[in-house]
Amino acid sequence: MNHLPQAWGRPRDDVYGPYDGSYLQNDGPNQHSQSPIVTGTSVLALKFKDGVVIAADNLASYGSLARFTDVKRLRKFAETSVVGFGGDVSDMQYLDRLLNSLDIEEAYGSTGHTLNAQNLHTYLAKVLYKRRSNFNPLWNQLLVAGLDGEGKPFLASADLLGTTFSSPSLATGFGAHLAQPLLRKVAPDEETASKLSLEQAVEAVKASMKVLFYRDARSIDKYSIAVVTKEGIDLKQDEKLENQSWAFAEQIRGYGTQVN
Amino acid sequence: MTSIGTGYDLSNSVFSPDGRNFQVEYAVKAVENGGTSIGIRCKDGVVLAVEKVISSKLLKPGANKRIATIDRHMGAVSSGLVPDGRHFTSRARDEAQNWRSTWKTPITVKDLASRMGGYLQMYTLYSSVRPFGITAIVGGWDSELESPVDGQVGSGPSIGSGGKVDSKKHGGPGLYMIEPSGIYWGYYGAATGKGRQTAKAELEKLDLAAGNLSLFDGVKEAARIIYVAHADNKDKEFELEMTWISNMDGPTKGRHEEVPKDILEEAEKLAKKHLEGEDDEEETKDDDKMEE
Amino acid sequence: MFRNNYDNDSVTFSPQGRIFQVEYASEAVKQGSVVVGLVSKTHAVLVAVKRNAEELSSYQKKIITIDEHLGLSLAGLASDARVLSNFMKQQSLSSRLIYGRAIPLSRLVDSIGDRAQTNTQHYGKRPYGVGLLVAGVDELGPHLFEFQPSGMTQEMAASAIGARSQMARTYLERNLEKFADCGRQELVVHGLKALKESLAQDKELTVENCSVGVVGIRPDGAKTIEGFKLFDGQDVKQWVDLVAEGAEETAEEGMEVDT
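Going down the list, the sequences are from chains E, B and W.
Residues 3 to 262 in the working numbering are what the first sequence spells out, letter by letter.
Residues 7 to 298 in the working numbering are what the second sequence spells out, letter by letter.
Residues 9 to 267 in the working numbering are what the third sequence spells out, letter by letter.
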């Protein structure tokens, strides 16, 4: 008997002739980095008159399995900016360490130079673009929230392709489809956003998070939310979605065991 | 000097017949001409201080920092050739960063001293390089807490990220001094540069080994010692630069920072007062002699 | 042939702990024509005397623009200054490309300091034979840095390097207190006066032999800056005239208009 695993369960050579194993050969490149593994879902963010509100839930999924339920996807930079990560979690951790070492470098001089959110976004977009150009992308879409060089609210996105985008409200992942229209209703343009109060912005983001939890199967009702203003960062990492109402679920037809 | 004219002192890495590397000894001479640097290892933190001799009136006051941050929790100061000190700093920062990228945790002061000792030693091995013309003092606080690994995103297991035992004491202050030869020792109080003899004598009086000196008192002592050590070099003006690292509960929360202006000024005031007191004593002594 | 056995290369310490090759390189700085730099709360200024090799030749370039927000002036080996200034241009550009930020001056100056230090510690290299004054503005306001062949870099309130620069330094020291509150024009005038102190007796500042560089922040707290502007040839006339013989009074008036 042939004991090689690849021969198991195959037609016997002596009966059917030599087996064509060519499809088993793997001459191609390693592709570990060509797809995400453990992933985070949406990140939402909305500008208001004094700063930016940003939120993401605390779930890291392994495929459809809700694998880690206390993963903090909003990362602080130098007490001035927040980066929210969607996509691969280990790539997020890599970027987090990169930002950590950048923060240490920036603090070498005690003279108070620091990168603002706009600088940070430019940098991260460069890193992501470099990696995708080497066919080894960091599998993330991220939102950078903070203030720009003039102290005005800053919000922008960068993704695994190195694409950048800016808008008064932004959402990644599933949120880009479901939450973005809701946020745009609150802040259709820069001018409207610049008049929003903190309370209005937080409320809009929380409402969107709830909608996402209702409809996104890769989400969870525990989340982090941060408010970035010139006073600094107010980051809460252990929030729970409140006032959930699943009454609408009754109306849903066509899923699961129920057929009509 | 016995070394001169023998020919054994013209190239680095060459042993003299009695087993000395004169180029390293000459590098030490460069250190001995530099402004005094000191470090004090207190029970709840570390202080670094340096006497910056003002070489020109045209220098911008308060600029031109000489104590560098190596990592968040660690600083370094050196006496001797200032550009060599910058080379030291930049290498130490690289070491600290590499350590982080390998181990996902900050380098300890001890490990950094070891790495830098090795680096300086390499500059004594070849005739194609010269030794560092500095002696560096590295001080820092290794966290006593169970801290997350770099890049950690979850809360981790309730027992912490591991490696720490409840009954054992972890972390604490670290102070090391690295010489041009690459040799390094741990210190309770370290001094180098022109006024090192005076400074060492003062440090020894503090009984630092007992581990009773608090960080705030350490700051005052450091300022005083720099002022006392400068007294031998009175004709030149100087600026005092001081940084500190406290424990996690202390004023800097384990970070290397400049000593805040008000505390620095207070310490300088006390130092000056102390010196005046000493002068008075000397004067009275002199007076006594005259009378005799 | 050599003054002593310890000055053949930059990897040998003398018994006193000195490195003669580095000290000799500093002498090269003193061979260059004088340059002066000074800062106020709002501006940083460089002024320089240019030399020509012979009457019919052009004048040596003394001030180089590095980026929108800074420039430098040199004394000593001009080719070494070009190497360093090209490096600085690269660093400035890469900061703008990667972070979208004008590079902080201290960081840029440190980077050439580190480069120069390497040249003093390895056999087969030589120290740079040039001194630089780097002037510019960043988030923290205007700055002036001095760079020496040893790799020493220092932030200065005012400085002068090059041939006979001691006279200029004496002028600067004597007027140091005034600089901080100077307006743009006043500051240039102080720079030119310091420069004149260092001129050889039969020399005058002319549009041919004088360069001026000015950079500053805008007064009204706006984020935009007054970019580094280099004045040469006919452009420098406006400045040279201010300190020309017998022009002192008019210059004073001009200053008042400016402030």
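Because the hints were derived from the structure by calculation, they are not lab data.
From a predicted model like this one, the values you see are computed outputs, not experimental measurements.
Accuracy of the hints is not assured; some may be wrong.
Claimed, not checked - Below, a sample of chain E positions facing chain B; criterion: calculated Cβ distance under 10 Å:
#	residue
1	ALA68
2	PHE70
3	ASP72
4	LEU97
5	GLY111
Glycine is no exception: its CB is placed at the ideal position from the N, C-alpha and C atoms.
Do the hints match the structure? See the list:
no.: 1; hint: ALA68; result: violated (13 Å)
no.: 2; hint: PHE70; result: holds (6 Å)
no.: 3; hint: ASP72; result: holds (5 Å)
no.: 4; hint: LEU97; result: holds (9 Å)
no.: 5; hint: GLY111; result: holds (8 Å)
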